[in-house]
Amino acid sequence: MSDTMDTQVIGFDLGHGETALTVVQAREDAAPRALSLTGAQGKGRQHITAVAVHPTRGVLVGESAITDGTTQLYLAFKSPHLDDPAMHVPTRLLVETIVADVTGKGSVRRDGARRWVFGAPSGWDKELLKEYAKLLAVPGLDDPYTTVEVVPESRAALLYARDSGEVPVTAGQLSGSVLIVDVGSSTTDFTSVVKRRMAPSDRGTALGAGLIEQTMLRRAIEASPQRAEIEDALGESPFQRLRLEVFCRRIKEEYFLIDPADLSSPNSVIIKTYKLITRTGAVYFPIEVGEEEMTAILATPQPALGGRSWPEAFRDDLMTVAAGLADPPDSVLLTGGASRMTFVQEITRTVFGPDRTLLGSEPEVAIARGLALAGRIGVRAGGFRSDITSLTTGTGISLLVADRLPDLAQRLGAGLTEGMTERYVIPAFQQWRSGRIKTLRDMAAQVASEMRADITRPNNPKVNRIISDWQDEMQPALEALTRPICNRWRIPPAAMALQRQKVSGSTEVDLAPNITPGTEAIGTMATAINTVVLGILGTWLLTSTGAIVLAMGPVGAVVAFVAAMVTLVIGREAALEKAQTSNLPLWMRQLKSEEGLVQRLKSSASVEEGRLALQLANEFLEKEGPNLGAKIAADLALRLEAQAREAELLIS
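So the sequence shown is numbered by numbering that gives the first Met the number 0: it starts at 0 and just counts up by one.
It is possible that some hints are incorrect.
DSS-like, lysine-lysine: derived pairs with alpha carbons at most 25 Å apart [claimed, not checked]:
{"no.": "1", "residue 1": "LYS133", "residue 2": "LYS77"}
{"no.": "2", "residue 1": "LYS125", "residue 2": "LYS194"}
{"no.": "3", "residue 1": "LYS461", "residue 2": "LYS601"}
{"no.": "4", "residue 1": "LYS77", "residue 2": "LYS129"}
{"no.": "5", "residue 1": "LYS437", "residue 2": "LYS622"}
{"no.": "6", "residue 1": "LYS129", "residue 2": "LYS194"}
{"no.": "7", "residue 1": "LYS77", "residue 2": "LYS125"}
{"no.": "8", "residue 1": "LYS461", "residue 2": "LYS274"}
{"no.": "9", "residue 1": "LYS461", "residue 2": "LYS630"}
What follows is a set of in silico ranges between Cβ atoms, one per label pair, in the way DEER data are often shown [unchecked claim]:
{"no.": "10", "residue 1": "GLY164", "residue 2": "SER264", "range": "28 to 36 Å"}
{"no.": "11", "residue 1": "ARG435", "residue 2": "GLN474", "range": "44 to 52 Å"}
{"no.": "12", "residue 1": "ARG196", "residue 2": "THR341", "range": "26 to 34 Å"}
It is worth saying that the hints were derived from the structure and are not from the lab. Don't be surprised by glycine CBs; every beta carbon is placed ideally from N, CA and C.
Turn these sequences into a full structure, and let the hints steer you where they fit.
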């Protein structure tokens, strides 16, 4: 299998108005680089999103598609209606042609693992994204070494801001609520992102920056002394008008690259001449744009915007979107080539605040770079997940848990029996001595019942603490298993540490992530108490209390002689059983002082409690060990998988 880090990742921003591509190797940490796309006017970093079919030249894309002689022309065709031929036909034509272009030029390799990542509006659901990915698997993207992925454009924008190094963003500025404003040629799209949940707005669908260049062209035509001839030529060929609009777009882009401080200078006036072919010959058509002209263009009422100027409509849409948010966004991220227009930035800063408005150095390729970054993260995250899955489905964690289960059993046995003499045995003995409990066996049964009720009560802090501490002590060993994986995929090893959680009970404590498998298994130890406590405690009580009574004075000697004879006749086990089930007279129970008998119990407590703890631990391991080990290992595996999903967010 080839190294996944050798994967080449291509971000393909197929937008309403323009299309851009970027590329990066999965192992590279640098920002993805923009690819030059071939168009009618030579090499450029972007295409207008146009595709046409020419009878002799075949499929043409970008500016070269806007040429006379084509039989079909598609513009601004991106939509969720995948079954509509007006959408899926040009989409496949454009993608296939661009793929052939960039691989033919060597910008993208033909062999080896490749991951093509396309963008989609944030409002498209998961099923639509899957179907869109299938549509995009054109020839050239359908081989076994190629993966086609579709990513919401809002995610791409956030990754661009976070990882490209082109956006002056402070630590944590993107972790809260972010409003993404993507200003394109055909539309301006607004998406609110809160805790990684995307909420696209339907505002501004007609607010495309293309209206500005159309206004620029219309005003230039109206001011030209050759207006009639120009309008006649454009009326005969819609392609001529489209080419002129693209020409005006380039002028507009050049204008907004000028430092605002220099716009009032006469040298800042841009004059470009376009060669227009008419029936009578060529007309050289000048378009002149300076500060005064651009101010007039931007102030022009737009019928498509209800008679408002473009800046007015943009401000209105920003205000409407802001009013629909629960709280003001922590950040507003501007993307799209048209966001370079200084007034767009100024209006956004006025509405949301200058400290909240973010803009990259190359917003026109922001989404394409973000898509490539998403793809790179996907490759790394996929490798990371694969390694974590191999770890969690292998034997490493199971062996780790199995190796430490005896220690858990011993801790539980010791913890649950520690102090039992004071808490259970002595109070029960006092009841037996006073006659409220009939036999030593009844006394042992009461002790077992009280112990069982205590350790099985919900949220027993001692049980929780023992299991939690035991899991915590496994953490270094778990980290030793996950650290190489984190290092391989460039994730801080601490990201895979299982975080503790607060549990409120009689006292508030911090516990390991999940102690449920261990606490559920306590039921087995509680059941074992019936057998173990009755066996050990009955004999202990007999030797510590009953034997003392039997050895007291002349009566005790007679009873001891009788007991010895009984032992010879029926055997030691039967004799012990008989002694434990005998209902001794009250006077016999009280022949010796309570203080002395209690002291006798206390003096043997540590030994007997230790013996009981060991037997409980052995019983626990025998009955519950394999099942508990499997449950804890499976739970740790689930926890590590969940932690891995969070850790993926740290991959860049």
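Hint-by-hint comparison with the structure:
no.: 1; hint: LYS133 x LYS77; verdict: 15 Å, holds
no.: 2; hint: LYS125 x LYS194; verdict: 18 Å, holds
no.: 3; hint: LYS461 x LYS601; verdict: 22 Å, holds
no.: 4; hint: LYS77 x LYS129; verdict: 16 Å, holds
no.: 5; hint: LYS437 x LYS622; verdict: 32 Å, violated
no.: 6; hint: LYS129 x LYS194; verdict: 23 Å, holds
no.: 7; hint: LYS77 x LYS125; verdict: 17 Å, holds
no.: 8; hint: LYS461 x LYS274; verdict: 88 Å, violated
no.: 9; hint: LYS461 x LYS630; verdict: 21 Å, holds
no.: 10; hint: GLY164 x SER264: 28 to 36 Å; verdict: 32 Å, holds
no.: 11; hint: ARG435 x GLN474: 44 to 52 Å; verdict: 49 Å, holds
no.: 12; hint: ARG196 x THR341: 26 to 34 Å; verdict: 32 Å, holds
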